[in-house]
Amino acid sequence: MEEEMAILEVKNLCKSFGGLQALKNIDIEIQKNKIHGLIGPNGAGKSTFFNVVSGLYPPTDGNIYFKSKEITNLPAEEITRMGISRTFQAGKLVPNLTVLDNVMSGKYHISPNPVKSFFFQPSQFKNQEKDIKTSALEMLKFIGISDFAERWTSELVWVERQLVQIARALISSPDLLMLDEPTSGMGIDESKAVMDIIRRIRNMGITVIVVSHDMNLIPEISDRITVLDFGNKISEGSPEQIQKDPRVLEAYLGENK
Amino acid sequence: MSEVTYYFLGFAGIYVLMGWALYLPYRVGQLNFLIVACMAITAYFGGFAAREWGWPFIVILIIGILFGATIAFIFSLAIGDAPCFTVVIVGLTSVFIVKTVIENWRTLGGTIGFFHIPGPNNMLAIIYSLLFLVGLLVFRIDHSRWGRAASVVFIDRDVAVTLGVDIKKLGMFFQIISCSIAGMAGILDAFLVKSLSPEFFTFSMIGYLMCILFVGGYTTMWGVILSAFFLQGIPLMFPSNIASWRLVIYGALLVIIILLRPEGLITRKMLWSIKIKSPRYITN
Amino acid sequence: MEKINNILEICNLSIAYGPIKAVKEVNLEINHGEFVALIGANGAGKSSLLKSILGINKAEKGSIFFLGQDITRKPTDKIVSSGLSLIPEGHVIFSSMSVLENLQLGAYQNLADFEENLKRIFDYFPVLKDRSSQIAGTLSGGEQQMLSMGRALMSKPKLILVDEPSLGLAPKIVTDIFNILTELNKEGYAILLAEQNAKKALEGSHRCYVMKTGEIAMSGFSTDLIDDPKIRQAYLGGN
Amino acid sequence: MEIFIAQLISGLALGSIYVLLVTGFNLMLLVAKIIQFAYPQIVVVSMYTCWWVLKLTGNKLIIILAGVSVSIILSLLSEPIFRKISSIEGVDINASFIASMGIAMIMMDIMSHSINYGFPVAFSPDWVGGNIFGYGLITVSKGQLFALLGGIIAVLIFFFLLYHTNQGRFFRAIAENRFAACLVGIPIIKTSIFSYLIVGILGGFSAILFSMLIGSASPWLGEFVALKMLAVSIVAGLGNLQGGLVCGLLLGIIEAMAIGYFSGSWSNVIAFAVMLIVVLMKPGGLFGIKI
Amino acid sequence: FGQEVKVSEWNIPFLNTITGPIASIGEYMSWSANRAAEEINAAGGVRGVPIKIEIIDTGVDKDKAMEEMAKLVDSALVVMGPVPEACIMAAVPIAVKAGLFSMVSSTSYEYAVEYFPWTLSWYPITEEKLPPITAAWAKLHPDMKTVVQFVENWAAWPPMAEAHAVGLESAGVKMLSQVDVPTDAIMFEPLVLKALAQKPDGIMLTCNSEKAAKIIIELVKKGWTDKSKILVFSSADDTALYTTGGDSLEGISIYNYIDLNLDDPRWQAFREAYKKDHNGIEPASLSTNYYDSVYMIKEAIENTGVTGDPAKLAEERIKIRDYCRNVKGFKGIQLTWDMTDGVPTGKGTFLFEIENGEKVFKAMAK
Ligand SMILES: Nc1ncnc2c1ncn2[C@@H]1O[C@H](COP(=O)(O)OP(=O)(O)OP(=O)(O)O)[C@@H](O)[C@H]1O
Ligand SMILES: Nc1ncnc2c1ncn2[C@@H]1O[C@H](COP(=O)(O)OP(=O)(O)OP(=O)(O)O)[C@@H](O)[C@H]1O
Ligand SMILES: [Mg+2]
Ligand SMILES: [Mg+2]
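Chains as they are written, first to last, in the working numbering: chain A, 1 to 257; chain B, 1 to 284; chain C, 1 to 239; chain D, 1 to 291; chain E, 1 to 366.
Same shape as in the complex, but just chain A (with noise of 0.2 Å):
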């Protein structure tokens, strides 16, 4: 029964804006150690419901729970620290550092106090700074862009964006990560060989969520899928059922019948 544990449990979450439903009655479980594709149409409420998740808005009802503790209303930096890690759909990297540095900055809860460390353990900030850095290398390494380390973000195009960020992400050692249209604006090698990393991570052990409206991505990595439309919880279910959908079939993909 181990397989079957849930990491993340969302029940009866809702979040308006205002007069607009953005997310409606949403009940998701995500199994541990899966990869969980997210979908629906423009608007549906997918990046909401990730920063809802990752606590950045407050939920205006329900209640979500991680690794069976309840998150809801915790501050975000409260929970990234518990072991939610996340990408944006147009995450910004900081222009005037270099990529090494940019994912670097992604391991901040695990790294010594400098004020702490400069007046108490002065010998061994050296050697958690190069700690940090070898991951960040081998973080590189695994995204495949270790010969980017060097280079300032500023100089990147949208796609080695996509892929700093998700290294950013996941330096923090994440049990759960949360990708939003990581392959937004890839062309289709590109899309493959994010595929592949997605799952290189999910064999680390870590659950992924994945945003897409990449069609020939979702439906062949994910384990099981969730399907939205209008802040409702459509359909549910492995790839091969979601394609059936009739729902989502007109709902997503436009097709009548």
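If you're looking for bench data, these hints aren't it; they were derived computationally from the structure.
Just so it is clear, CB atoms sit at the ideal spot from N, CA and C, and this is done for glycine as well.
Be careful, since some hints might not be right.
Said to hold, decoys possible - Chain E stretches covered by chain B per the calculated footprint, using a threshold of three residues with CB under 8 Å from any CB of chain B:
no., stretch
1, 10–23
2, 56–65
3, 79–92
4, 109–115
5, 157–170
Since the structure of chain A is provided, determine the placement of chains B, C, D and E with the ligands on it from the hints.
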């Protein structure tokens, strides 16, 4: 060493400290002018404690630093994560309030000022050893998780939060460290000058500190050093009829730098290109 | 007499960002009423090319003619008012203004039949009508993309440059967007579409240019290219 | 009661100075996303111009024209500097603060160096004008009335211009997103020069109203009011025109009352302390940021 | 004094403020120091060698003043200035440490006394100097029973205000509650209202010149008619008072240390030259101080046999110091006075009323 060099180095050192005090919170995008208020408060405290109570320098110095930290802590509870211009106005108004309080406080000399502060005779050694220590600390902060997190906060707060950065706490840390440095600088200033007047801590000092930070470059800690010495030296380098236009020169420098090198004279990319000689453009 | 057919002609255009040569000696032409696609991998230089047509990036070398006039060095507003419009990649919108205000601004060069245009846009993108008083920055990614398109269409351009409209859109909407583009083309607008989604682009367009590291690697009728094995291999994911 | 009413009137007059300045300052934020810290200095320089032209000729029309045109020229001169700061990606608002601080330093130092030996300049009494209403200590002068009306009218006009006309929408569009503004075909440079021109006109008229209200100008007048202008704008909410009107007048009244019923040397502290508390409790300003 | 002069020129550094907010004051101080030097040189110099005033700008910037003073400690025989109070506080200790005498002859007693004997006060002790003159004013107006004083909180003005009050009270005038003038005030109506609410018979103005003028204008607007019952204190008797106040000043009382109409050719020549170089503006109250300073230094050099020999620098600095601190019968451009341990005695204060734009002498206090 001649007297001129002594004072030049002394002031430049104090301004480097103050420049760093301004630099640190600007890492998270806050222009913290509270440092000038802290400097004024601790300078007066230091002067008074030395002359009236005869406290030893080292005790005064430590209390001064703690003083700065305490003031910053109280304020940062409210403005730890405030936007830039809120912090600006909090700083400006505090400078003004502190100045007025001193002006009306007869025990501190009021508007006349405070004279004859006793203290160590060679301040230079003290200033520069503290400068070295603070420099190390700032360097370490820069090259730590805080420095990197600050860069992220500067660009996008939402991203920073999801990296696990507690923005308010980070801002508070920076403000506290910055005001502690300013508190230290205030004490050093009082003992270097040996008298105090409310006129010493004014709006023009803020302008000067801005000049130091932005002409030197706000993305690294080194720019402050360069420009503190350079700007402090301008009036000494030029003949007096040119030097008398120094406010115009400072203003023009600010404008020119913002136009031509928005990140200041010393930028991260520049440091990097010194550090790594080999070509870094990796073409695929 | 050839020239008369051209709505846009690009001769030997080069663009550089400092040391990086983004576009090298590109030649390209679009005829009246034509739907031309520009495909190519990431960083091939498609966006740079489109931006320089509008005069946002200054061309290093070469020249651009629109309706027979040299527009290479003209300011962007003149170019837009002469009937060119760019729908840029990403979400370039006025994010603190309302949706309606965004659309009103789109009509800067063409205030004449505003109401009618607006109705047409709302027909294409019904979501925008529902959201017309929402602040644009709070729209979802896809909605912003639609707003950006709608805004560009408000100026009733003669030639529409579209940069990766499918970015971040649901498959259904992507289909819709391509339908809209085809429809616009049928109404007589010429279209230049830069797209990664080579399949869709080739299906919709008449002619196609393939860009590779800043150069035009191949060009021809879309129906021909779609069967080209090299293209299939590189851009359509094998078979 | 008489004193109270008289203080209230003088507070409103003082407040109208802040209102006029804050409106110009907010306008720069709204049309260009620029913190124009040197704006008060521009106003003071055009006050100097009015004074100089007043000495040369007594013609009111010429004086007004001269004052307004110098303010326009200065405003336009600063445009290329700020244009350089704003790239297609957007404006670096902090950079604009720093650059304008530099400009303010330059203008102030030149005034104290070179103009009239650095002495304050005073306007002749017939320019300043006398009281138009008087009952005991309650008096209203021409300058007071005009300045207050000027401030309110300026806020109304610019609010209407920015939020209810196409032109205003174009201004805001440029401030908001230059790239998008470019794409929809707004002539960026022309429009933004036009917006600086409008700010210049307001600056010029403010200068004339101040010359009637204050009756003199000094090199450091700009610095005295710059801080309060910034504070009012932040307390009200950056870019909030109506908020600026309310807070500007309130600040004037608080100051006058603090002087009248407490102490002049503490009046600034009281005014600043009130603002400090407001800012600490509501960092976004009382009426909300509008940029 | 058989020893010969060892320099080809007496170089007297003058730390002055010719930039920044009080640059206008610095300008005329430089002017009068230079005028004195020109006169002396035209008459053959000091001990046969010309004197040169080296103007050094400090602004109101303490760092600058300290650095400039530090530059002088090795070479200067005597230094004039610094001028702004903040610069005096910062820079004079350096001179004191080096044993260099500094003539801070523009500021009040409060600053000079802190550095005795290394400087001297140009004015008698505030508490002794000021009460007689305000009392004299009160005596001219026996019907004046109550006075409100406007006080700007700046440098040594608060103690001066206290001294004013002492004099007035000694003449039987009741001081109503004082009105504080903010340093950055731009509108004066609230202040004036506060004063008038107390219904005073007279007004005493202890604030800077521009502000004094604006307050007077505002008083007139509020219906004040008896102008001679407005007394402006000496530091406000500066050009800005007249440029700002204009016709509204007609009839007011003013006290200061120079008598414009003094019947003395040397003074009248000074006055004419000053007006010529300053668009017809009359010499300000402080304008004569550095003129006198230069002459006092000249006398000191001549009467103590200073040679300017660098080897004897320390010794000669002390000679100058001791001479100036106790000079007797010094002929200032306005009056002749003595110094006793750095404090002048026999220096008078004059009370005027402005009639038809001219200052008319009313009373004097010694
Ligand atoms: N801060 C906000 N204020 C108001 N409305 C919002 C806000 N954020 C999102 N919305 C609205 O909520 C709805 C859901 O948005 P969301 O960004 O979650 O969509 P999405 O599923 O991620 O779409 P896409 O695939 O296009 O990115 C949209 O209609 C959007 O306009
Ligand atoms: N502002 C810039 N500064 C420096 N280099 C740039 C800039 N913009 C683009 N480049 C470079 O120019 C090249 C072409 O970029 P461009 O954006 O035109 O490609 P693209 O084909 O549109 O790619 P994508 O599919 O990612 O949008 C890239 O190598 C990119 O790194
Ligand atoms: Mg989304
Ligand atoms: Mg592109």
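Okay, the hints, checked on the actual structure:
Counting residues of the stretch 10–23 of chain E whose C-beta sits closer than 8 Å to any C-beta of chain B gives 3, which meets the bar of three, so the coverage hint holds. Counting residues of the stretch 56–65 of chain E whose CB falls under 8 Å from any CB of chain B gives 8; the rule of at least 3 is met. A count of 5 residues in the stretch 79–92 of chain E with a Cβ less than 8 Å from any Cβ of chain B is obtained; the coverage claim is therefore met, three being the minimum. Given as covered by chain B, the stretch 109–115 of chain E passes the check, having 3 residues with a CB less than 8 Å from a CB of that chain where 3 are the minimum.
Only residues whose C-beta sits within less than 8 Å of a C-beta in chain B count toward coverage, and the stretch 157–170 of chain E has 3 of them, enough to reach three; the restraint holds.
In terms of the numbered hints stated before, the structure departs from none.
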